[in-house]
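In case you want the letters, here they are:
4 protein chains.
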Amino acid sequence: MELALVRVLYRRGICPETAVKEVEIACSQVTTEEVYEEEDRIRHDIRALVNCIRAKVSENTKPYVHMMATSNDIIDPANAARYKDVVQKVLVPSLVQLEGVIIDITLREADTVQIGRTHGQHAVPITFGFALAGYVSRIGGSIKALKTLAAELPGKFSGAVGAYNASSLFFEDPEMFETEVLAELGLTPAECSTQVIPPEAMTRLLCEIAILSGILANLADDMRNLQRTEIGEVGEEFEAAQVGSSTMPQKRNPINFENAKSCWKIIVPRIVTVLMDQISEHQRDMTNGASIRTHPEIVAYAVHTAKRLTRTMQKLKVDHENLQKNLEMTNGGIIAEPMQLIPSALGHPDAHEKVRLLTLQAQREKRPLEEVIIADSEMQTYLEKMTPYQRQILSNPALYIGIADKKAKTVAERWKKKLEL
Amino acid sequence: MELALVRVLYRRGICPETAVKEVEIACSQVTTEEVYEEEDRIRHDIRALVNCIRAKVSENTKPYVHMMATSNDIIDPANAARYKDVVQKVLVPSLVQLEGVIIDITLREADTVQIGRTHGQHAVPITFGFALAGYVSRIGGSIKALKTLAAELPGKFSGAVGAYNASSLFFEDPEMFETEVLAELGLTPAECSTQVIPPEAMTRLLCEIAILSGILANLADDMRNLQRTEIGEVGEEFEAAQVGSSTMPQKRNPINFENAKSCWKIIVPRIVTVLMDQISEHQRDMTNGASIRTHPEIVAYAVHTAKRLTRTMQKLKVDHENLQKNLEMTNGGIIAEPMQLIPSALGHPDAHEKVRLLTLQAQREKRPLEEVIIADSEMQTYLEKMTPYQRQILSNPALYIGIADKKAKTVAERWKKKLEL
Amino acid sequence: MELALVRVLYRRGICPETAVKEVEIACSQVTTEEVYEEEDRIRHDIRALVNCIRAKVSENTKPYVHMMATSNDIIDPANAARYKDVVQKVLVPSLVQLEGVIIDITLREADTVQIGRTHGQHAVPITFGFALAGYVSRIGGSIKALKTLAAELPGKFSGAVGAYNASSLFFEDPEMFETEVLAELGLTPAECSTQVIPPEAMTRLLCEIAILSGILANLADDMRNLQRTEIGEVGEEFEAAQVGSSTMPQKRNPINFENAKSCWKIIVPRIVTVLMDQISEHQRDMTNGASIRTHPEIVAYAVHTAKRLTRTMQKLKVDHENLQKNLEMTNGGIIAEPMQLIPSALGHPDAHEKVRLLTLQAQREKRPLEEVIIADSEMQTYLEKMTPYQRQILSNPALYIGIADKKAKTVAERWKKKLEL
Amino acid sequence: MELALVRVLYRRGICPETAVKEVEIACSQVTTEEVYEEEDRIRHDIRALVNCIRAKVSENTKPYVHMMATSNDIIDPANAARYKDVVQKVLVPSLVQLEGVIIDITLREADTVQIGRTHGQHAVPITFGFALAGYVSRIGGSIKALKTLAAELPGKFSGAVGAYNASSLFFEDPEMFETEVLAELGLTPAECSTQVIPPEAMTRLLCEIAILSGILANLADDMRNLQRTEIGEVGEEFEAAQVGSSTMPQKRNPINFENAKSCWKIIVPRIVTVLMDQISEHQRDMTNGASIRTHPEIVAYAVHTAKRLTRTMQKLKVDHENLQKNLEMTNGGIIAEPMQLIPSALGHPDAHEKVRLLTLQAQREKRPLEEVIIADSEMQTYLEKMTPYQRQILSNPALYIGIADKKAKTVAERWKKKLEL
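Residue numbers (our numbering), protein chains in the order written: chain D, 57 to 477; chain P, 57 to 477; chain H, 57 to 477; chain U, 57 to 477.
Hint data in this document are derived by calculation from the structure and do not stem from the laboratory.
Be aware that one or more of the hints could be misleading.
One copy or two, it doesn't matter: identical chains are merged, so the pair holds either way.
To be verified - In silico EDC-like pairs for lysine to aspartate or glutamate, Cα to Cα no more than 16 Å straight-line: (1) Lys203 with Glu94; (2) Lys140 with Glu240; (3) Lys140 with Glu208; (4) Lys474 with Asp96; (5) Lys112 with Asp406; (6) Lys373 with Glu295; (7) Lys422 with Asp375; (8) Lys441 with Glu73; (9) Lys474 with Glu247; (10) Lys462 with Glu247; (11) Lys474 with Asp461; (12) Lys410 with Glu236.
Please put together the full structure from these sequences, using the hints given.
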């Protein structure tokens, strides 16, 4: 930003070309160590930076360094540029990579029947690919939102209180001057700033990162639950030398999925810090001075989660045997839905209640629901009117997957194309 | 939603027209009391609603009520529709009204010089209209975001686990059927749902409401501080009979601005509840069953804040006398910025440090900064080279407002047009 | 509080006994409706209350109503008293009742062997009673903390800014006067107050309620997971007419345990509101005016959770068959710990690694770990040196429960006695 | 902890004395670098530590390293011990030092009259020492709470699921063995643990740190507001070379007080992470694996805040001139309270309303309230009945400080003694 400023000063005819060259060299040479040392002396971070740059240029160039700028004319656009950068060049690519891995599994397992679960209870069947397709769609949506929000981060070069007091001393068109300086960093100005950029654009970006983190945590929770000893439908791959527990040699713990959830616990509450930092009295107070410096950690935790989940999902083991075993676990209880729906459509006035009582009977008598239904005289009438496909479901619940397989493929292919994977 | 469903069932030729008419009447007659009574009996809210509707229709119509639907095929689109409604018809209009009031003050006070403040310390001058223009821009931006996010709330009618298991029994094109049902409520389907709509769209909307609430709280904080006894630049109007304190009869407390801040303290932490509710295991768990019912309170607090702030800002008293008094308070200290900038531009190698020492001298000797600067021999050279306007600032800091007045007007007029005020 | 004040004024000889009687009657007659009506007129809640009381007493008594008091001399002690009350008379008794129910199950199931789980993976055995004993201990500890914190809530009667300005006009010993007034409500004064009571005591109490809520949510999560279709070790009792799903008649959802978790999601983030409300500028600002009125909801949600969990736990079904089935699920993998520990103690230099490889072998070959161990020549030496009990564990992992049974009983009995159950 | 374990194994006769010596040396030699390297290989932190220790001892000693321990038998007590340590040896001493500095100012300024403020509006007078005494009391209370809570942090050595499965293989009294091991670190066992220590004690400690941080932020807010240009009652000392703004040389910003508030914004939301980490499924999950590692940052920010505030308060400048100027600012408006109270006590039936109207008149006519009161015929009667002291207040509001001066001294002296300062 200090360099961008001098460049535009030159283009505007305020300073000679040598000033640009000197500042360019000075900026490339200045070290964080010397800035910290100067800050220790004068207790002001940006003035310390300015002093260090000025110490490296000629007397003639000195006046043009930081000219007209207040500290946040430098800090705020620099922050906007680096958040934009990290989102566009690190976070989004990490997510696209993760998305690619999940899309691959979605396509591969699009037809793998799995019992659908609500409330942790067996509901009706889906496919494992379909279960993942939901995450393809949700992560995809968040990638799109992140791209838009990062691109919208504005800059400012409007001086100490946002009214262009300083630049107005030198230019008829201080807003145009601001536009030119910010363009050097690929930014456009905020519509109206104070000493600082209005915080909303950044707040929205960080909120979206928290939302993204929630999607990843949800995926991790699902995988972790599917890895429970009793369910065993998926598993994190273990390396040959990997230890699961310091005392129980048999343990294979879902530590990577647990980690994604734990990072979410770090990120989400910090959104409150971000929302608190949104408020700044009058033309700015600095009660966000320390806290705003912790916001980049939110991005870092999100990037970490994405990368670690990518590695973990890449090696995800799907246990088709257990998937099948679990599907059969309820002895056909999972066909209660079609068995009440079809009679309803055929005119039964209260099929839901009828079938509810039959499922209770099946459980009480430990018999397959199919058997109990067939034996029931009232149901008989409706069974006779069913189509062959509807009758088949009764014996083979795996047929009752709706359009899970097709949907998994459509969603996966759509995002593959959108993200150019 | 129950009615929308039957309407499309009829259009699809599944049920007769009489079913639509009967359900229409039943829905208009069903009372919350009877639904709660039925819920007490069967412990399921939507089934209770369904039973109540069914009790009011003929045996022939009964099977078509709630046909193929899981509870959240009803609840979730209904919620999407009512949040969309309340944002579009209540929250946004309240904000537009508030925006109108602030725009009026901005235009009226666009030229009213006020000392700009950073860190609660006098910085350089702005105008009071300019101070408000920042809020016009920020609130305007949030109104825009709220409109977009509300319009994007999706619906779903994809059954118990999102795979259209039930509707696939009856339709070749269950996704088209879903689209038709949702269109009845002005909604479009989520790309991929489970038992529930993916929560991100709603989460984004509620995050934006928290962000909006932060802007309003910031405005309220500013006004409240300007109302401090020692500052006194603005004041909430007091009614003739209004009591400020039960023991101190002279008190005029900024209770309405305090209220806006307090509502922000209610809203912001609840975003964590919203972000927690984003996670739902597998095709859904119901650990958000109670908490999701508190989210509408977030909207209510935001609407309340907007309405109360509107009333308060409408009657805001601006004390021009105190504005002037405060501007003069630092004895010209606020011109230190131009007094270092101009010499810098004229070639002084370290004008910032030079003027810093002069301000210390002025404070020590309790003399106007102007006087100390004029008396300084080094500064003399630069004073001589200044333009008449630059010299004028030295005696009259009120001239050093940059483009505050112009900017206030531009921003206010732009939003007036955008919001058709 | 208004009555307490007049009582002490009388005892101090400031007002006649008739004043006490008149205020006593007035206080018993004043209605919320009339106070709200008056508040609408004068926009001050406590002054409205005072006016309503005054309107019901004679001219002679009028001056003594609210005499020397600032609003928060009334509000704050009243709040302290009612929070103390609700904790001591509602929340703690609800928790004691819940604790009683859990203690009963703990004792009943103290010897019921259950597989212990870490990371959702089978670890080594415990008993179901032992699993609950941890909650007995944790809830017990929170009950104790709540009692202490509620008893410590202080009061104040120190006037508009806490310096006893008003009461000093009339008394030599205003602090003693404060002590006497507060004693009427069973409170003692804060060491030093402003217009308000220092918020820390209340904040600590509300934090403890959030902590308690976390314990209850943890218990609910455990029970909910044990109720998964694949685990099935416990179940919420379903009533005969109860509906689990509006479309899947077979569903038995853990809605009560889900509800406890959901209430926790409501409570926990609100602690941030409480912590925000802790800050009040100078002798008080009122940016907590609205938010502080939502704090009682935290108590209400906690009471609700306790009561609902009590009802649910009372009817908890424990499925001993599934407990046994799950215990055997890993084919003896759960004895890896003792099988590495005993050889270690017998001098094996790296038994953990040895047994880790054997568990991998057993899983690969789908053989019981016992079999693989016995067949291993290196292990042979150690097997021979084992005590009979240690050998027995190899065949019967259910013996490897440590002191789970004994501990469950001790902890349960200890709290039964402490809470006089 | 690894050493503590071997020591007790020796005392119990399980291992030879040489094992203790070898482990002692090994523990003193093991480096973090080598542990991290081993962790990279086996992906388990504590097993890596164990391997590194084992690599440094003889074959004979190897089996006793980590014997019977699960990872959290090591991690959890170690954490308890280090949190206890940092609170007792770093945080509390920092706070005691800060308390000492505030006590000194409190005593020095106990008689310095300052206008009391509520809602940011002038209320009735106090003394500056009294304003600080409130913080002496609140910080003192938090120091006391921190000491208690740190001392109460429990330990555990109960094995993989808390049931002493492993240690029961070797000892009749595994709980006594646990007590002995923990005693080596100055800890006592939790009443009942799982794989981990029940989290409540640590959660309470961290909540108290958030509460403490709120007290410090409140103090910082007060000081920062008193430093506003228009109020100017206190100021942070500026060093000779210190720069306030990179563009406005005259600025003296309250950056240290702003920093304390900013640290509070970091700390408070993280309490939600702590409360989230309280929940761990069954005998433990590890969804707190990453997040629990950020909790020590909470302590670090609190220590930083305490130390920085100490330095800032040590150099706090109190401006007695501005204190006096502000006291007189309302032209006597601040005596409205005694002027309504005394007539009330003398029998005026509605003195509050009477004086409220007089203050409005005084403001309207820009006359001192004293003058308006004296000129009012109705007030005349009451003025005649006032004591000389009561009459004096009318002319000299500085007399109306209640017992602020005395209270400031009592509170300060009490804590000076309690904390042995």
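Each hint, compared with the structure:
Proximity of Lys203 and Glu94 under a CA criterion of 16 Å is satisfied in neither setting, with 38 Å inside one chain copy and 39 Å between copies. Proximity of Lys140 and Glu240 under a CA criterion of 16 Å is satisfied intra-copy only: 14 Å inside one chain copy versus 40 Å between copies. Taking the shortest alpha-carbon separations for Lys140 and Glu208, only the intra-copy value of 9 Å comes in at or below 16 Å, while the best inter-copy value is 25 Å. Taking the shortest alpha-carbon separations for Lys474 and Asp96, neither the intra-copy value of 50 Å nor the inter-copy value of 37 Å comes in at or below 16 Å.
In this assembly of identical chains, the alpha carbons of Lys112 and Asp406 lie at most 16 Å apart only when taken from different copies (14 Å versus 87 Å within one copy). In this assembly of identical chains, the alpha carbons of Lys373 and Glu295 lie at most 16 Å apart only when taken from the same copy (13 Å versus 40 Å across copies). In this assembly of identical chains, Lys422 and Asp375 lie within 16 Å of each other by CA distance solely across copies; the values are 15 Å between and 27 Å within a copy. In this homomeric assembly, Lys441 and Glu73 never come within 16 Å of each other (Cα to Cα): the closest approach is 90 Å inside a single copy and 24 Å across copies.
Only between protomers do Lys474 and Glu247 lie at most 16 Å apart by alpha-carbon distance; the minimum there is 14 Å, versus 32 Å within a single protomer. In this assembly of identical chains, the alpha carbons of Lys462 and Glu247 lie at most 16 Å apart only when taken from different copies (13 Å versus 47 Å within one copy). When the C-alpha separation of Lys474 and Asp461 is checked against a cutoff of 16 Å, the pair qualifies neither within a copy, at 20 Å, nor between copies, at 46 Å. Taking CA atoms no more than 16 Å apart as the test, Lys410 paired with Glu236 passes in neither setting, with 74 Å inside one copy and 30 Å between copies.
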